[in-house]
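Visitor: Please build the complex by placing chain B on the supplied structure of chain A, with the hints as guidance.
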Amino acid sequence: MMKPGTLILHAAARFLVPLQLLFSVFLLLRGHNEPGGGFIAGLVASGAFALYLFTFGAAVTRDLMRVDPRNLIGAGLFMGMISIFPAVLSGEPFLTAQWWPVMLPGGTEIKLSTPLIFDIGVYFTVFGSVMMMLIGLTEAEEH
Amino acid sequence: MQVAVLVIYLAALLAPWLFARQQFRAAWFLALVPAALTVWFASFVPAIAAGEVIVHEYGWLPGLDISFTMVLDGLSLLFALLICGIGTFIVLYAGSYLKGDTAQGRFLVVLMAFMGSMLGLVLADNLITLFVFWELTSITSYLLIGYNHHQAAARKAALQGLIVTVGGGLALLAGFIMLGAMAGSFSVQEILNGSEVITAHPWYLGMMICVLLGAFTKSAQFPFHFWLPNAMAAPTPVSAYLHSATMVKAGIYLLARLHPELGGTDFWVMTLTGFGAFTMLTGAFMAVRSTDMKKLLAYSTVMALGSLTFLLGVSTELAMIAFAAYLLAHSLYKGALFMLAGIVDHEAGSRDVTEVGGLRKQLPLSAGLTLVATLSLAGIPPLFGFVAKEALLETMLEGGIFVMLMALVVVASILVVTVAAVVALRPFFGAFKAPKAKADIHEPPIPMLAGPIVLVALSVIAGFIPGMVGAWITLPASMAVAGAPIEGYLALWHGFNVPLLLSAVSLAIGGFLYTRWDALRARLQVLDPMVSRGPERGYFYFMDAIVWIAEWQTRKLQNGSMRNYLRTIVLTFVVVTGYTLLTRYQLHWNWNVDLYFHEFVAASILVAAAVAASITHSRLGAVAAMGAVGFSVAFIFILFSAPDLGITQILVETLTVILLVLVLFRLPSFSNISTTAERIRDAAVALTVGVLMMFLIMITIDVQLFEPISAYMIENSYPLAHGRNIVNVILVDYRALDTLGEIFVLALAAMGVYAMIKFNPQTSPGANHFAGTLILPPKKVPEQHIVHSLDEIHQKMLEDQNILATSDDDEDADDSDDIVAPDTSSEHPRGDYPHNDDTEKKGDKDL
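If you read the protein sequences in the order shown, they are chains A and B.
Numbering follows the numbering used here, with no gaps: position 90 of the first sequence is 90.
Numbering follows the numbering used here, with no gaps: position 669 of the second sequence is 1669.
If we strip away everything but chain A, and leave its shape as in the complex, we get:
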């Protein structure tokens, strides 16, 4: 059913996948202050691999991803759950945001926090869920 991609598509996919992945990480990290966030970033990342999927097929995409999408979902949910607990250690109710600002040499301040962990969890869950459906459908198609 899936036709082998054209030359242009091949070339475009190779270049666009890393770019889109970078863009998704960018969206993820800026999400707290500018438009972006884990959900959008997850969708962009799966868009990147969807392009690859159309070009090269399911098996190659699986190889490129290295991680099974099902494991991504698990990891995402796990990070979401993990972010609940640090608040309890400091005696606050579950899910209270915890902030750990870190000064990098050179004066840049990075704010590590439980919402960030949580957002990364959302990112992985969305990414994994969409990829699981896409790859599953493509494999059914190829079969």
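Worth flagging that the hints you see were computed from the coordinates, not collected in a lab.
Predicted model, so just to flag it, every value in this text is computed and none were measured.
It is possible that part of the hints are untrue.
What the hints assert, rightly or not - What the simulated footprint calls covered on chain A by chain B, stretch by stretch (three residues with Cβ under 8 Å from a Cβ of chain B suffice, anywhere in the stretch; the number is not a length):
(1) 21-33
(2) 56-67
(3) 107-115
C-beta atoms are modelled at their ideal positions from N, C-alpha and C, and glycine is treated no differently.
Guide: Just chain B now, with coordinates in the frame of chain A:
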């Protein structure tokens, strides 16, 4: 005390590791835990006997009035000692009994987990915590009964026990919540010491029925007694521990615990004495009919549980004394007897009293122990069982209860003497017979004998010093049950009186019945039809009814038609929301909207695309139109400065198109399966939703019910949450719990899709059609009704809609399995699609 419970659970976690290293010796190490706890609890005996109540507080969910506070008084101490003490010997016994079983690690885990749960149950002060432990004991009991899970009988017995006890547990939870609401607290201490008079409350009756359902199912009272004998499918250590000494007494414990506050009313007395006496008789009667040693003992346990309920029902001071004494006596001798029955089974190869006999030469020690333990069961001096039975009879005589109930109790105590004689004499005396050869039968190892030896010794010692046992152990328990100080004592010798006379008479008649036991059993067989119509049959009907209702409602509600689902959901929404809108608020007409030209264009495209999507005859066209709708919405989001929503919408639309492209080719050809009337109806439904949404939006603009919270969020977004993007701050901080729920939903949806794609119906054709039970034969589903593949489902759907002619033959049936499809030579072979007047056309095949 919280630590005590925790330690047992930790030991449970360690069990597999220990087993892997030490094999059956693992049990010896594990037994150290309950042994140490027994000593620890025993150290509280003097303090408790002096009237102290030890409370260890620990909060859990203070906001919901749920705590892990644990309380040690006379009653819980008696139970804790039984649980840990008998538990020690059970674990030792299990190690040798299941020697060589590779799954012993699993067994020990569950056994220890049960021990922890049971201990938690009797120590918990909070009703909700108590309920959690209550259910944990049900679940561990399920796992233990079904330990030999390769046997269908064990699985069914386990499921039966679980359903009966957990079903009762649900009623109990309702009862607890009512009780908590009535008393204003979930703490048992506060309920007992509170000023509220629960018994005069209008909810008292309903609450009592719920609590009694819970207690009666757990403690196997008539008519729920049937699960207990079936639970004998469990390995013997389990029967000895859960189903005689501890778990089945949980219901009794609960009633005793709540007795001071709930007891004493007419309802309490009538129900408990009535059900108790009837359970006694049922247990004793069924025991006399049985020949399996474990069944004999199980039914006599039912009888004992009935006695305890009966005593709680009488609720005089004397009854409380008798209650604690009977509880202790029963646990001691019954635990020992079960372990001994297990030894007979283990060594001689059978525990059916008609198959074994004359084992006294091979198993002299076991024979002696059994004899002494059954003396206690029959209530013969100087055993502690005699003391307890005397107290029971005395209570009954002075309690002022119906003569009929007294008759039931007396008959039951006669029959139990016969049962005791059967258990003691049949396997060990008479001519030798056993499935195993004489030379192979020998006394079991010491760990298996340790329990019976100690428990029987305690029965004897307690019988000689009943005063002391009473003062230290049972009287504090009695006082806790009565909720007031009690004057009284236990004694072996009360002088010549009516109870003694009754005892003597029951011994004589019981002994006489034993000599005629075989004839008696043959006679009792005429009652078999009546017994088979007992409450257990009700259970099977209930289970069948559940399957039937599930099938019915699946057929009606979950019929797999997407249009039906959507119509139901949408109409419910319209009716409920529309009703509220019309009755609580007026409809608002607000057409004064300033509209820029580009906004008007965007909205027009949106509407046009939606209309196109609903009238097109091409699937690709519909997809494209829906895409146009999505992008117009995204455009409108961006116009009204919601970039996050806009981006998300665009991305979702893009991925939707990709997904659709992937599935498009797999879908059956576009076909019109609705009549014109149906489509007009669906359009009407869709229009109502649209109109309702319009009015809802209009009212949102006009009416401000609450102060909007957006101001608060905008104000605090940076100072509190360190983020300037409020949408994201809401998602990951303000409402992070909602988002957490949503990502779980997303993950589940993805798994559902994945399963749907990967699931191969051929591997399990119609597996769900065989929810058979014990009495109804497994359902024979005609082969043509079993669905083998997704294609067939689609085929079936089209047939139902009169699009396709019915096809009788089934391609998959020939190569699938042993059920041979009736080969009805088909009049309409596959592919023959006669035209039907109901349908307008077959469908466009333009994809």
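Visitor: Broken hints, numbered, in rising order?
Guide: Violated hint (a single one): 2; every other hint is consistent with the structure.
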